[in-house]
Amino acid sequence: MNPAPPPRTRLAKFLLYVGMGFVLGFFFHYLLYRIYLPVEPFIYVAF
Amino acid sequence: MKSARLNAVGLLGGILVGFSLAVLLGYQASTYSKPSRFVRFNQWINPQSVFFPPFRMLEHLALSRWQPGQTVVIIAGNSIFNGVSQPVSEIWSQRLQEILGPEKYVVVNLSFSGGYPTEAGTLVAESLIRRGIPVLVVCNVATGVPGRPVGSVYGYYYWEGRAQSALLPYPPRDLDTELWESNRPEEDRRKQAELRRAAALNKYLYFQELWHHVGLNLFFTVWNFLPQEQFWRPRNDWPDPEVAPKPVELRFRSNLAEEMDIVRRGSREFGVQDEQGRWHMSPSFRDTFASTIHALIPPAVRPHLLMVLCQNAPYYRSRLTPEEQDRDRIIWEATAALWREQGIASFVNGADYEDADYNDRTHLTPSGGRKLAIRVAEEIRRMQSATNPTP
Numbered sequence: 001m002n003p004a005p006p007p008r009t010r011l012a013k014f015l016l017y018v019g020m021g022f023v024l025g026f027f028f029h030y031l032l033y034r035i036y037l038p039v040e041p042f043i044y045v046a047f
Numbered sequence: 001m002k003s004a005r006l007n008a009v010g011l012l013g014g015i016l017v018g019f020s021l022a023v024l025l026g027y028q029a030s031t032y033s034k035p036s037r038f039v040r041f042n043q044w045i046n047p048q049s050v051f052f053p054p055f056r057m058l059e060h061l062a063l064s065r066w067q068p069g070q071t072v073v074i075i076a077g078n079s080i081f082n083g084v085s086q087p088v089s090e091i092w093s094q095r096l097q098e099i100l101g102p103e104k105y106v107v108v109n110l111s112f113s114g115g116y117p118t119e120a121g122t123l124v125a126e127s128l129i130r131r132g133i134p135v136l137v138v139c140n141v142a143t144g145v146p147g148r149p150v151g152s153v154y155g156y157y158y159w160e161g162r163a164q165s166a167l168l169p170y171p172p173r174d175l176d177t178e179l180w181e182s183n184r185p186e187e188d189r190r191k192q193a194e195l196r197r198a199a200a201l202n203k204y205l206y207f208q209e210l211w212h213h214v215g216l217n218l219f220f221t222v223w224n225f226l227p228q229e230q231f232w233r234p235r236n237d238w239p240d241p242e243v244a245p246k247p248v249e250l251r252f253r254s255n256l257a258e259e260m261d262i263v264r265r266g267s268r269e270f271g272v273q274d275e276q277g278r279w280h281m282s283p284s285f286r287d288t289f290a291s292t293i294h295a296l297i298p299p300a301v302r303p304h305l306l307m308v309l310c311q312n313a314p315y316y317r318s319r320l321t322p323e324e325q326d327r328d329r330i331i332w333e334a335t336a337a338l339w340r341e342q343g344i345a346s347f348v349n350g351a352d353y354e355d356a357d358y359n360d361r362t363h364l365t366p367s368g369g370r371k372l373a374i375r376v377a378e379e380i381r382r383m384q385s386a387t388n389p390t391p
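Residue numbers (the working numbering), protein chains in the order written: chain H, 1 to 47; chain U, 1 to 391.
Keep in mind that the hints were calculated from the coordinates and are not lab data.
Every residue gets a Cβ at the ideal spot worked out from N, C-alpha and C, and that includes glycine.
Where hints are given, some of them may not hold.
[Stated by the list, open to error] Pulled a few chain U residues facing chain H out of the computed Cβ check, cut under 8 Å:
#1 Leu12
#2 Gly13
#3 Val39
#4 Ser49
#5 Phe52
#6 Leu205
[To be verified] These stretches of chain H come out as covered by chain U in the derived footprint (C-beta under 8 Å, 3 or more residues):
#7 9-15
#8 18-25
Please construct the entire structure, taking both the sequences and the accompanying hints into account.
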């Protein structure tokens, strides 16, 4: 029978998930910028 | 609560906090972010290198040096007014600021290579007019009708300005863009819908402001063929690349036939001859021009606009036949008159310039830029009294 994980480990794991979520939140915001970046090849003929 | 559920709550909470913090930082960036030592949108801070300055950044550029009692003079238009062929130390918009003086005027160059007079800087001016800030817009054009604010690479400014309620309400322009869009191929309609969606989301989420700010100051995340392997370098680190023009004897050498064709088309497509052989503006073009201006430029903006018709270099015009030269002169002047008929100040620039004032068919050297600045300053002072009596 495995002993129950000590509370500190559960807290650390929880905080790890919070941290991962935090990074993902920033990443999703960045994705919005990248998704809507109108990147396409174009050449100017300026006059 | 079970461990897995607790972790899921932690993950979702973290996403919410991270995303919200990014929005908050983007909002803050929208109030201060702008290119450092800004003089013009050079190739490192314009769409040529995948840098799409957001509408709010342009607004901030226009307002950051403005103080009550001053008039903002926005330079809009294309590469001619952007100062291509003029090193940053000799750019014409800086000369204009020197001539106008720092007390009453603040000049900001918001022109882009390939830009239309209905885009970017002119739309930012609308936002300033809405806020009651004295503003004048100087824009370069050629003969023909101006392009729409949507459809080009800078079309996102229209959608961003509209989403942020920064533009003046003007149903004829809304109708014109809707009609234009409905007649475009499916792919173009999809692209416009995407731009609209992006602008609507960015109004609240500020992702353009945050990540362009990061791209300016920390690192850039999109590869591009201009910086190539150094694409990650913050755009503020790149110097303005414009160099001094070639010696005059080395200019105007390439593509003479193509350039002459462009010069001829500048008047041929709009002129008709009467029975005595005199050239006039074609009546059908006159109607098209009037309806285009009505559709694209709100009446409240027109008194703030100065349209400068930038003539081609004398090297090319002197190679036209006498009849073509006659037609060229008449049509260019008639186009300026058409702008004035629509309540928009206008004049033809460059008709008396020398080859030394041009680096190619259209772009002005520093000497041409100095002449332009002197002439524009005269017009600005004249318009000032008519539109913004404060200074």
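Right, here's what the structure says about each hint:
1. For Leu12 (chain U), the shortest C-beta to C-beta distance to chain H is roughly 6 Å, which falls under 8 Å, so the interface hint holds.
2. Given the 8 Å rule on beta carbons, the hint for Gly13 (chain U) holds: about 6 Å separates it from the nearest Cβ of chain H.
3. With a least beta-carbon distance of about 18 Å to chain H, the hint placing Val39 (chain U) at the interface is violated under the 8 Å criterion.
4. A cut of 8 Å between beta carbons decides the hint on Ser49 (chain U): the least distance to chain H is about 11 Å, and the hint is violated.
5. Residue-level restraint check for Phe52 (chain U) holds (minimum Cβ-Cβ distance to chain H is 7 Å; threshold 8 Å).
6. About 6 Å separates the beta-carbon of Leu205 (chain U) from the nearest beta-carbon of chain H, less than 8 Å, and the hint is met.
7. Only residues whose beta carbon comes within less than 8 Å of a beta carbon in chain U count, and the region 9-15 of chain H has 4; three or more means the coverage holds.
8. Figure legend: the region 18-25 of chain H, annotated as covered by chain U; annotation consistent (8 residues with Cβ-Cβ distances under 8 Å, at least 3 required).
In this structure, the earlier hints numbered 3, 4 are contradicted, and the remaining ones agree with it.
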